[in-house]
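Participant: Protein sequence lines correspond, in order, to chains A, B and C. Our numbering applies: residue 1 is where the first sequence begins, and numbers increase by one. Our numbering applies: residue 1001 is where the second sequence begins, and numbers increase by one. Our numbering applies: residue 2001 is where the third sequence begins, and numbers increase by one.
These aren't lab readings, by the way, just hints derived from the structure by calculation. Heads up, a few of these hints could be off.
[Unchecked claim] Straight-line alpha carbon distances no greater than 27 Å define the calculated DSS-like cross-link-like pairs of lysine-lysine that follow:
(1) B:1063 - C:2155
(2) B:1233 - C:2142
(3) C:2205 - B:1233
(4) A:116 - A:62
(5) B:1058 - A:130
(6) C:2150 - B:1235
(7) A:248 - B:1212
(8) B:1233 - C:2048
(9) B:1047 - A:200
(10) A:116 - B:1179
(11) C:2150 - B:1058
(12) A:116 - B:1212
(13) C:2034 - B:1058
(14) B:1011 - B:1233
(15) A:200 - C:2205
(16) C:2121 - C:2048
(17) C:2034 - B:1233
(18) B:1047 - B:1088
(19) B:1011 - A:200
(20) A:130 - B:1088
(21) A:129 - B:1088
(22) B:1233 - C:2150
(23) C:2155 - C:2171
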Amino acid sequence: MASVITRVKQKQIVQIIAKGKRLDGRGLMDYREIKVEQGIIERAEGSARVLLGRTEVLVGTKIEIGQPFPDTPNEGVLTVNTELVPLASSTFEPGPPDENSIEIARVVDRGIRESKAIDLEKLCIEPGKKVFVVFVDVYVLNHDGNLIDASALATLAALLNTKMSNYEIKEGEVKIKPGHTPLPIRRHPITVTFAKINDKLVVDPWLEEEQVMDARLSMAIDDDGNICAMQKGGSGYFAPEQILEVAKIAREKAEELHKKLEL
Amino acid sequence: MSQKPEKLIDKKGLRLDGRKPDELRPIKIEVGVLSNADGSAYIEQGKNKILAAVFGPKEMHPKHLALPDRMVLRCRYHMAPFSVQERKSPAPSRREIELSKVIRESLEPSVFIEYYPRTGIDIFIEVLQADGSTRCASITAASVAMADAGIPMRDLVVACSAGKVDDTIVIDLMDTEDKQGSADVPVALMPNQNAITLLQMDGILTSEEFEKALNLTLEGCRKIYTMQKEALKAKYVSVKEVEE
Amino acid sequence: MPTSFERRQLVVPGDLIAEGEYIAGENAYAEGNKIYASRIGMVEYENKRVNVVALRAFYIPRVGDMVIGTIVEVGFNGWIVNINAPYEALLRASDVLSRPFKPQKDELSQVLEIGDLVVAKIVAYDRAHNPQLAVDEPGLGKITRGQIVKITPTKIPRVIGRKGSMISMIKQETGCQIILGLNGVILITGKNLEDEELAIMAIHKVEEESHTSGLTDRVAQMLKEEKAKREEIKNESET
């Protein structure tokens, strides 16, 4: 997923990180500027747009009525899909989701699902037969690094913006009534991604740092500081101590972002 | 559809299959089981039955996927339709695609990829029967298969999982424990370098619980590493003992 | 200076062989002052150089090596040859025909077609280019008879034996002509199929037991016993 980065740039990035700073002026543990907008796609039941530096992700949610999974007959269904839209990067090709797109979708899904962010039982209409299905579609519009955090954040914001139609059951049929209810969200997981560059850890890698990094590690943290998802990516490795350090800093950053974004 | 057990750990602290929380399932590794592959290995871990095969290094086809200064690894993790309780469609699922990626990324750090530019190796993993932590057993077998193929490596890669069931941190999750437990942490390790090449978590853990689980997997990995080495040596030692 | 493995001990990738003032040789690598194995094989010490004689490895082309390969493609100015290595080799038409040639595909396939076997020499090879072959020496060129056996390339020296002792013994006992490609491909040409089969048996035995001692004698013994068996069967069927 990378185009060639010049050796000169590679060296610059590595050298400046060794000195505790980054090429764009940030500290090693600083996020880029984050902008969150909600409710921009009226046709969707919920939507949000996140700008993380120049990475841009748009998430739209749609709600339909469907069948529950057989082993959870009283719960609604959540499904997350990610599109790495070709216009977002010269490295994205049109076609069905590739391994990168699938990985992002599944990591975002894990954070939401394992933290029990959505009260899925409240989405049950008729146990075993009818439930609300929440479709989350993550649309990456510009790739400038750290698609996981941007996607997870946009997903959370979109879910918080999502409204379900009110309904009643008449003669075994689901009838839509006027009015809306917000999607029942009880937890606010935040995903924090780190890159390892020459044995140093940095938070929120941008595209060129990603092209230079050995590996990345993402952790989803819930409101109480519990870890609810983890994913190492890239073909490098981490030492056990580095992983524990990442866990510690991830919890600090998640709390910071909670407060800052009021999510 | 099977009944869901009430408790995963009984009053004596034993798990559904009688294991203690820090006990691995029985493991058997065989090397060089496929005559057409350049390297192969078969692993049984509990009820898991997994075959790994390696082809290469050979020139990459299609050529545009080759890299001018290094070898490319391709990995396909796939489950047979009859490997699980409810028949699984043979078409690659999103889970299999994600696992193919993370498994490849766990094995790549061990290979001297700079030695053979413009070439590729294909790693095929077929899960014939699944019972939890298949990605870990797959990595353990695939690394052995790569050694069998003569791919130059820094170290073998070994993998092990840990998780939380009924408030206890346990090692090497079976399928029931994975599905009904509250966390699953698969980890892959290159023991010499103490380098973790795969780390995922599905579930919810406090940071203390995570640290405990991580340490448990590292212990398990080192035990399984000894078994990998024994399996590789077993092929050659028997002949040597007869003659000398 | 400690060594964890002694001479002729079996190591696997990642095994720590020695620590201290050693250099990493074949199939071994250094990290700091520690030498580790990178392939399965037997440890050999050459003064301070730690080598691992690989039991499982593929052929890496070397300039000057004589190899046996199969034509897999006929191109416009040459042929592409499979030499049992990670890279395909090129045999240029100008190196085969003793005259300047005109680039017409048909002409080339009349000289060598897909599926033909050739004995050739590697004349060029580097990291950026595929190996190049030539057949301009006596003994090189297209193979028309005989059987091909493939073994792990690292075992070829064992098949040759010390000062050629193993290979001369096999040739003598079986009456076959044997050409050893350094890429692990061996050509056996005998007076009849049975003789060729004997030679193949001997070579497989060497490959399987290459890491043991006293092998030349055991292989000679096996060949004598096999020949005796065949004589018996022949005599029985004639009476």
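Participant: All hints are to be evaluated individually against the structure, with a verdict given for each.
Facilitator: So, going through the hints one by one against the coordinates:
no.	hint	verdict
1	B:1063 - C:2155	violated (31 Å)
2	B:1233 - C:2142	violated (40 Å)
3	C:2205 - B:1233	holds (19 Å)
4	A:116 - A:62	holds (19 Å)
5	B:1058 - A:130	violated (53 Å)
6	C:2150 - B:1235	holds (20 Å)
7	A:248 - B:1212	holds (15 Å)
8	B:1233 - C:2048	holds (25 Å)
9	B:1047 - A:200	violated (41 Å)
10	A:116 - B:1179	holds (16 Å)
11	C:2150 - B:1058	holds (17 Å)
12	A:116 - B:1212	holds (23 Å)
13	C:2034 - B:1058	violated (31 Å)
14	B:1011 - B:1233	violated (41 Å)
15	A:200 - C:2205	violated (53 Å)
16	C:2121 - C:2048	violated (33 Å)
17	C:2034 - B:1233	holds (22 Å)
18	B:1047 - B:1088	holds (17 Å)
19	B:1011 - A:200	violated (46 Å)
20	A:130 - B:1088	holds (24 Å)
21	A:129 - B:1088	holds (23 Å)
22	B:1233 - C:2150	holds (23 Å)
23	C:2155 - C:2171	holds (17 Å)
The structure is inconsistent with the numbered hints 1, 2, 5, 9, 13, 14, 15, 16, 19, although it conforms to all the rest.
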